[in-house]
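**Student:** So the sequences go chain by chain: F and V.
Quick note on numbering: our numbering labels position 197 of the first sequence as 197, and the sequence is numbered without any gaps.
Quick note on numbering: our numbering labels position 192 of the second sequence as 192, and the sequence is numbered without any gaps.
In case anyone wonders, no lab produced these hints; they're calculated from the structure.
Fair warning: there could be bad hints in the mix.
Within a straight-line C-alpha distance of at most 20 Å, the following computed SDA-like cross-link-like pairs (lysine to any residue) qualify [claimed, not checked]:
{"id": "1", "chain 1": "F", "residue 1": "Lys28", "chain 2": "V", "residue 2": "Leu34"}
{"id": "2", "chain 1": "V", "residue 1": "Lys143", "chain 2": "F", "residue 2": "Lys28"}
{"id": "3", "chain 1": "F", "residue 1": "Lys113", "chain 2": "V", "residue 2": "Met99"}
{"id": "4", "chain 1": "V", "residue 1": "Lys143", "chain 2": "F", "residue 2": "Arg146"}
{"id": "5", "chain 1": "F", "residue 1": "Lys55", "chain 2": "F", "residue 2": "Ser275"}
{"id": "6", "chain 1": "F", "residue 1": "Lys113", "chain 2": "V", "residue 2": "Glu117"}
{"id": "7", "chain 1": "F", "residue 1": "Lys143", "chain 2": "V", "residue 2": "Gln145"}
{"id": "8", "chain 1": "F", "residue 1": "Lys43", "chain 2": "V", "residue 2": "Gln145"}
{"id": "9", "chain 1": "F", "residue 1": "Lys113", "chain 2": "V", "residue 2": "Cys98"}
{"id": "10", "chain 1": "F", "residue 1": "Lys43", "chain 2": "V", "residue 2": "Ile173"}
Far from chain F, by Cβ distances over 12 Å, these chain V residues were calculated [as the list claims (entries may be wrong)]:
{"id": "11", "residue": "Glu27"}
{"id": "12", "residue": "Thr45"}
{"id": "13", "residue": "Asp94"}
{"id": "14", "residue": "Leu127"}
{"id": "15", "residue": "His214"}
{"id": "16", "residue": "Asp237"}
{"id": "17", "residue": "Thr259"}
{"id": "18", "residue": "Lys305"}
Chain F is faced by these chain V residues, among others (derived, beta-carbon under 7 Å) [what the hints assert, rightly or not]:
{"id": "19", "residue": "Gly54"}
{"id": "20", "residue": "Met99"}
{"id": "21", "residue": "Asn101"}
{"id": "22", "residue": "Ser137"}
{"id": "23", "residue": "Ser144"}
{"id": "24", "residue": "Gln167"}
Using N, Cα and C, we set each Cβ at its ideal position, and we do this for glycine too.
Number of protein chains: 2
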Amino acid sequence: MRALKEMSTTTNLTLDEFSQLCIPRLEKVYDFYLRDTPALALKNTMEYTLQNSGKRIRPLLIYATGRIFDAPLENSDLPACAVELIHTYSLIHDDLPCMDNADLRRGKPACHKVYGEGMAVLAGDALHTLAMQIIASYPAPLKSQRRLDMIATLSAACGPFGMAAGQALDLSIMSDKNISLDLLENIHRLKTGALLSACVELGRLSSNDDDELHQQSLKQFGDRIGLAFQIQDDILDMEANTELLGKPQGIDVKNSKCTYPLLYGLNQAKEKVQSLYHDALDAINMFGHQAQLLRELTGCLLQRKR
Amino acid sequence: MRALKEMSTTTNLTLDEFSQLCIPRLEKVYDFYLRDTPALALKNTMEYTLQNSGKRIRPLLIYATGRIFDAPLENSDLPACAVELIHTYSLIHDDLPCMDNADLRRGKPACHKVYGEGMAVLAGDALHTLAMQIIASYPAPLKSQRRLDMIATLSAACGPFGMAAGQALDLSIMSDKNISLDLLENIHRLKTGALLSACVELGRLSSNDDDELHQQSLKQFGDRIGLAFQIQDDILDMEANTELLGKPQGIDVKNSKCTYPLLYGLNQAKEKVQSLYHDALDAINMFGHQAQLLRELTGCLLQRKR
C-alpha cells in the first residue's frame with residue numbers, strides 16, 4: 001500500500017492529498033444548493049446522510065480518471081457531486097423497512113430511523129433530482145453537449161437500465177438460492193457495477209477526450225472494479241463485525257440474500273476479486289503515468305476492509 | 001365548454017383531436033425505453049401506474065404551449081413524456097403507507113398494493129431517472145442547450161426547490177390547523193404549482209422562442225393555474241364521492257391535512273379558483289389566436305370534476 005501511495009507523477013500529489021483537495025470541492029457544490037432549500041426538514045434529512053460520509057469512492061474515481069486526460073477539476077466537480085448525491089439517495093431508499101430494512105448505516109442510525117420513513121423517501125427523491133440539476137446548471141467551463149452526455153451516462157447507470165433494475169432483480173430473487181452465476185453477476189453489474197463504471201466515463205467526459213479506444217478501455221476497467229466491489233461487499237458482510245462495518249453483520253445472510261461468497265465459498269470469492277482487479281489494472285495500462293492516481297485508488301479498493 | 005372546443009385557428013384541431021394526436025406520441029417514447037428494461041418485475045410495476053393514466057394534463061400543457069410558438073411536436077414529445085413520468089413517480093411515492101397511505105389511485109389499487117412497497121419505491125425511482133434520460137438522449141431536432149434548459153427547468157420544479165420541498169412542508173405541517181395563508185399557498189405552489197408551471201416553460205423551450213416577455217407571461221399563467229389546480233383538488237376532495245374521484249373521499253380530512261377550503265370554506269375557495277383562472281387567461285392574452293389550444297385547455301381545467 002505504501003508503494004501505491006507514493007507521489008504521483010501526474011499531479012505530484014499522493015492519493016490522500018488528492019482526495020483532500022477534491023472532496024471539499026464536491027461538498028461545496030451541494031452546500032451551494034442545500035443552503036437555499038425552502039423546506040428545512042427536507043434539508044436536514046438530506047444533509048444527515050450526506051454528512052455521514054463514506055469513503056467518497058465514486059467521486060474519487062471521477063476525479064482520478066479526469067486527471068488522465070488533464071480535465072479541469074471544475075468540470076469533474078459536477079459529476080462527482082451528482083454521483084455522490086445519487087449514491088446517497090440509493091442508500092437512503094435501500095435502508096427503508098420495505099427494502100433492506102437496515103437500522104444502521106456507517107455506524108449511525110439509518111436516515112428513516114431519525115427522520116421517519118416519509119421524509120426519508122422524499123429526501124432520497126430530492127437528492128436524486130438535485131444530482132441532475134447540478135450537471136445541467138452548475139457553472140463550469142463545460143460544453144452543453146458534454147453536460148448532456150454526462151446526464152445520459154448517469155441516468156443510464158442509475159435508472160431502469162442500471163442500478164434500479166439491479167435492485168429490482170435483487171428484490172425479486174431475494175430468497176432464491178438456485179440462481180445461476182450469470183444472473184448473479186448480471187445483478188451485481190446492474191446494482192453496483194453500473195454506477196461505479198459510469199464514474200470512470202464521467203471522469204473522461206470532464207475532459208475533451210473523444211477517443212473511442214480510451215472509452216472502451218475505461219469501460220472494461222469500470223466493469224471489472226464494479227463487479228469486484230460488490231463481491232467484496234458480500235465477503236465483508238460475511239466476515240466483518242458490526243462495529244467495523246457500521247451495519248449489522250451478516251444482514252444479507254439474515255435476509256437470505258443470494259451472494260457470491262454464499263454460493264461459491266469465501267476462498268473462491270476472494271480469488272475472483274483479485275483476478276478482477278488484475279484485469280482492471282491491465283485495461284488501463286495504455287494510459288501510463290497519467291493513470292497513476294487511478295491506479296493508486298484501485299489498489300486502495302482492492303485492500304479495503306469496509 | 002362547447003364554445004371553447006371549437007376549431008382552433010392555430011392548428012385547425014379541436015382540443016380533443018389535438019389530445020388524441022399528442023398523447024399516443026408521448027406513450028410511444030416511454031414504450032421505446034420500457035420494452036428493453038432488463039428487470040421484468042420493475043417494468044411491470046412502472047407500466048401499471050403509467051397505463052392507469054389520468055387526463056395527461058401536464059403533457060397537454062406542454063404540447064399546447066408549444067403550439068403558440070409553432071414548436072415541432074417531435075421536440076415537445078421529450079418534455080411531455082418526461083413530465084408524465086415525473087408525475088407518475090410522485091403519485092407512486094405519495095401513495096405509500098409512510099406518505100399519504102392511499103389504497104386507491106384513479107379507482108384502481110395503488111401501485112404498492114399490487115407490487116409491494118419495495119418494488120413501488122424502486123419503480124418511482126426508475127421513472128424519475130428515465131425522465132431525465134429521455135430529455136438527454138431521445139432523438140429530436142433539439143439543440144443541446146435547449147435540452148439542458150429543459151432538464152434544469154424540470155429538476156428545479158420537481159426537486160428540493162419544488163415538488164419535493166412542497167411535499168416535505170406538507171408532511172411537516174400535516175396536522176397543524178393554524179398555518180398562515182402565505183405558508184399554505186407557498187406549499188401549494190411548490191407541491192403542485194411548480195411542476196404545472198414548468199410544463200408551460202417546457203412547451204416554450206420546445207420551440208426556438210427566446211423572448212423574455214413571453215417567458216414572463218407564461219410564468220404568470222403557469223403560477224395561477226398551478227395554485228388553482230391544487231385548491232380545486234382540495235375542493236373536489238371535500239365534495240366528491242369515492243367512485244367519481246377514484247380515491248377514498250375526504251382522505252385529506254381524515255389525515256387532518258390543512259387545505260384551502262378547510263381553512264376558508266368552500267365558497268371562498270371556489271371564488272379564488274375562478275379568479276386565478278381569470279388572471280391566468282389574462283396573462284396569455286398577448287398570444288392571440290396562437291394560444292387558442294392553451295385557452296381551451298385552461299377552460300377544461302376550470303370545469304374539471306375530478
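**Student:** Now look at each hint and say whether the structure bears it out.
**Tutor:** Hints and how they fare:
1. F:Lys28 x V:Leu34: Distance ~36 Å between lysine 28 of chain F and leucine 34 of chain V Cα, so the pair is violated.
2. V:Lys143 x F:Lys28: The hint is violated at about 30 Å.
3. F:Lys113 x V:Met99: 15 Å, holds
4. V:Lys143 x F:Arg146: Holds, at roughly 13 Å.
5. F:Lys55 x F:Ser275: Distance of about 23 Å is beyond 20 Å: violated.
6. F:Lys113 x V:Glu117: Holds: lysine 113 of chain F and glutamate 117 of chain V sit about 17 Å apart, inside 20 Å.
7. F:Lys143 x V:Gln145: Holds, because 9 Å separates the two Cα atoms, which is no more than 20 Å.
8. F:Lys43 x V:Gln145: 29 Å, violated
9. F:Lys113 x V:Cys98: 13 Å, holds
10. F:Lys43 x V:Ile173: Roughly 16 Å between the alpha carbons, so the hint for lysine 43 of chain F and isoleucine 173 of chain V holds.
11. Glu27: 16 Å, holds
12. Thr45: 8 Å, violated
13. Asp94: Contrary to the label, aspartate 94 of chain V does not stay out of reach of chain F, its closest Cβ about 9 Å off (not over 12 Å).
14. Leu127: 8 Å, violated
15. His214: 21 Å, holds
16. Asp237: Fine: 19 Å to the nearest Cβ keeps aspartate 237 of chain V off the interface.
17. Thr259: At about 18 Å from chain F, threonine 259 of chain V clears the 12 Å cut-off, so the statement holds.
18. Lys305: 30 Å, holds
19. Gly54: 20 Å, violated
20. Met99: 5 Å, holds
21. Asn101: 9 Å, violated
22. Ser137: 4 Å, holds
23. Ser144: Since the shortest Cβ distance to chain F is 4 Å, the answer is holds.
24. Gln167: Given a least distance of 6 Å, the restraint on glutamine 167 of chain V holds.
The structure fails to meet hints 1, 2, 5, 8, 12, 13, 14, 19, 21 from the earlier list, while all remaining hints are met.
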